[in-house]
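Take these sequences, add in the hints, and give me the full structure.
Given next are the chains, with one letter for each unit.
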Amino acid sequence: MTDNELIWRISGGSGDGIASTSQNFAKALMRSGLHVFTHRHYPSRIRGGHTYTEIRARADPVTSRGDGYNFLLALGDSFARNPKEDAVYGNEEIKPLSENLDELREGGVIVYDEGLLDPSDIPDFEERVEANDWHVYPLDLRGLAREQGREVMRNTAGVGATCALIGMDLEHVEDLMSDAMPEKILEPNLEILETAYESVLEEYDADAHDVTVPAGEHEEQQVLLSGSDAISYGAIDEGCRFIAGYPMTPWTEVFTIMTKNLPELGGISEQVEDEIAAAAMAVGASHAGVKAMSGSSGGGFALMSEPLGLAEMTETPVVLVEAMRAGPSTGMPTKPEQSDLEHVLYTSQGDSQRVVLAPGTIEEAYEQSRLAFEIAYEYQIPAILLYDQKLGGEMLNVPKSHFDREPNADLGKTLSEAQLAEQPHTPDGKFHRFQHEADDGVSPRSVPGQKGGRYLATGNEHGPSGHINEDPDNRTAQIDRRLEKLEAIREHLDDLGTQTYMGPEEADYGILTFGSQQGTVAEAVDVLNANGHSVKALGVSDMLPFPTAEVEAFIESVDAVLVVEMTASGQFRGLVQKNLGRYGEKLSSLLKYNGNPFEPAEIVDGFESIVVEGDGLDSSTTTFVPAAGD
Amino acid sequence: MSAFSAIGEEREIDRDEYTPGVEPQPTWCPGCGDFGVLKALKQALPEVGRTPEETLLCTGIGCSGKLNSYLDSYGFHTIHGRSLPVARAAKLANPGLEVIAAGGDGDGYGIGGNHFTHTARENHDMTYIVFNNEIFGLTKGQTSPTSPKGHKSKTQPHGSAKEPVKPLSLSLNAGASYVARTAAVNPNQAKEILIEAMEHDGFAHVDFLTQCPTWNKDARQYVPYIDVNDSEDYEFDVTDRVEAAEMMRTTEQALYDGEVLTGRFYVDEERPSYQEEKQAIGEMPEEPLAERYWDDDYEWERSYDRFLDKHA
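If you're matching them up, the sequences are chains A and B in order.
Under the working numbering, think of the first position of the first sequence as 213, with each following residue one higher.
Under the working numbering, think of the first position of the second sequence as -14, with each following residue one higher.
Because the hints were derived from the structure by calculation, they are not lab data.
Each statement offered as a hint is correct.
In the DSSO-like style, the derived pairs of lysine-lysine whose C-alpha atoms are separated by at most 30 angstroms in a straight line are:
(1) Lys612(A) <-> Lys295(B)
(2) Lys27(B) <-> Lys151(B)
(3) Lys295(B) <-> Lys396(A)
(4) Lys612(A) <-> Lys472(A)
(5) Lys295(B) <-> Lys472(A)
(6) Lys263(B) <-> Lys472(A)
Nothing here was measured: the structure is a model prediction, and the numbers come from that model.
Structure representation (structure tokens):
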């Protein structure tokens, strides 16, 4: 995309306040009428290290971080301000400049903190500036912040300088700062913001470069949400009032948002000893008649395998969230990957029955969080919401009206005491909770404390009243009934149409993807068609039960398909082939597993070299295209 | 009619109500101590005034895990070591329920040891019965966490090199507010202790000595036992942590020396339960959360009403 857009990257060390500063600036851009999309990149450490956030702002809707960026605000690393002056932390203080340059577009702008960073430490800096027509503005952000308040406020100076250089007035930034900051620090921050803004305009000619803030207007009220926000609000709107968890990046975001909000709504949040307890507690609360969830990331979810199976066998509804990060084992805690797909599909023993939904966008994260609860409670089955660090952490503006709908506290097929009295019971009064006769495999349940509803829930195979039963006929009937649910759920999901189609209806080629790569694929499809190719794409949301017929029809309708995913072993492609049983000859993979999500241009390049040039049509070929600078 | 009319119902309760009439019959071996737990529990529940339908019994895996197959209440037979997190969540979701968790010494002190210490620490208002027979029974006689040092089994053929877990001391130090030990061979004391445990407002841990005549023939049958609360030889204040700790140490050593000391070892009526603590800091509703889902008049709040403005 070459039309008018701002992609602003703020770079420094963890602990520099980059997340909060960029969040406010993104919101200011949204309030000025633009569509915004943020992308976070951070290391697994508390302070220091190379971290950045990108904000992409355009007049038109955005679905990805885009390719490269055009405005760099380079702050120093936290450790440059370490109280021990002689402390040596490698050359991290120059990283905000050196690590970011590869992706800076031609004609881009660089603002750096000359109080902390010295470009003469960077080989060929001057040459690269000249070759790429970059416009460089050295500013003493630290000095300015120190004069007016505290050094840590140099972020604010950077935002003030940015606004001056892109022609954006300070109104929205000031409003947001006033809302967010306590009086004591608001005054100096406002002072710093304005001083930086004015001094840049005095010192420099902002028209010397072409990077400006685009003009835009929203037709309706927007909100800026992360994927983790959307998942949490979906759960709340669907009546979830109990969560138990253990902190693990990046699932912690959902856990903390829920924990912050549930008590206000009369709900309960529990931080517990481990993930086994967390998932078992969600099962216990749900058994007692509450809408409950738990969740984790790969390693923690591994521990939940046991209670997941218990929920399946006892037909206890529960929603588990799995926020993927790069594995195996501890992997890369703050980096996205989609390689827990098979783990989530197949963990736990026996012929398992579960639902796995993988939202592709922030709007879908909200929708499918609601859907996960709806399915779990209606069909008495565990539902897993599978997403990754990218989708959880990125922010996007969404129309507020997207969320304006009815709360749903329906527990699904749960009987009242009056209804229980009519149900079959054993001669000694035990309710036939697991009766075989059911159209969709779901037998209605009771809740402890209800008169006439007592039964035994057990992880062992059991008869209708819940007692342990190893009779072969009962075993077959029970397992068949539980498996029937998946067929009913497939029909339910088909009616909703949860898969996402991108590009023209008819095309020669197709792209298949799932989860957080969907928005990037959408943009790549637009670029490919603009470049004269004929391409459409399908973002698959339902991992289990898989939309076999729909995906088959999509593959049938094109000559060749590129499967895009963030795994090294092609897990999603494997799932497609497992469910379809063929089409291996039609599929090629584009894989990325270096800790960074795809950029649209990488998908465009991959498509052109693998599919169009045809050298990737052999089903055994997989290709990895590293992003520049990643 | 309330959604949970079984909760708080006041009526005469016949102990036979807890006995399943048709299925299943216990599969425990003749002479098993587990029968003693079942009997004591059936006697204690009516005296506490709890009906089968307001009682939720959560068990783990093993011979002990079958307890709720033979006690006719609401039941959740969970998985090995996980009865406590399931039970405490059910209690938080609906505090009106009488929640009891039960498991064996392998289940409770081994695989579920982490949950045991944390449930005690948090002082959840529930009763936890651990069937302690110093052996793995259902898997046919392996060394358990409470088997004595030197215990020989197919999994420890040269004799266990490990000191046994000291459950009473562990429980006290973890934070349980009621700690007792009783024995299947002493039905009257067992009943009294279970009544106290269920009436106690906090985490009540009962280490229940249950002889295993099939796999642990070497073990003492826990007779003769001494009730430390009745014996003049053992004077201590059950509300004093230091004295209780000392008495527990003595007891836990004595068991392996062949002397069975039972009774209440620690009772703290002052400590608020976890539920009360959570309500005091505004993290738990006063009314049972589960009831809200059955209340047609309750107005469910949407995220839209409450939170989205912060994102605008």
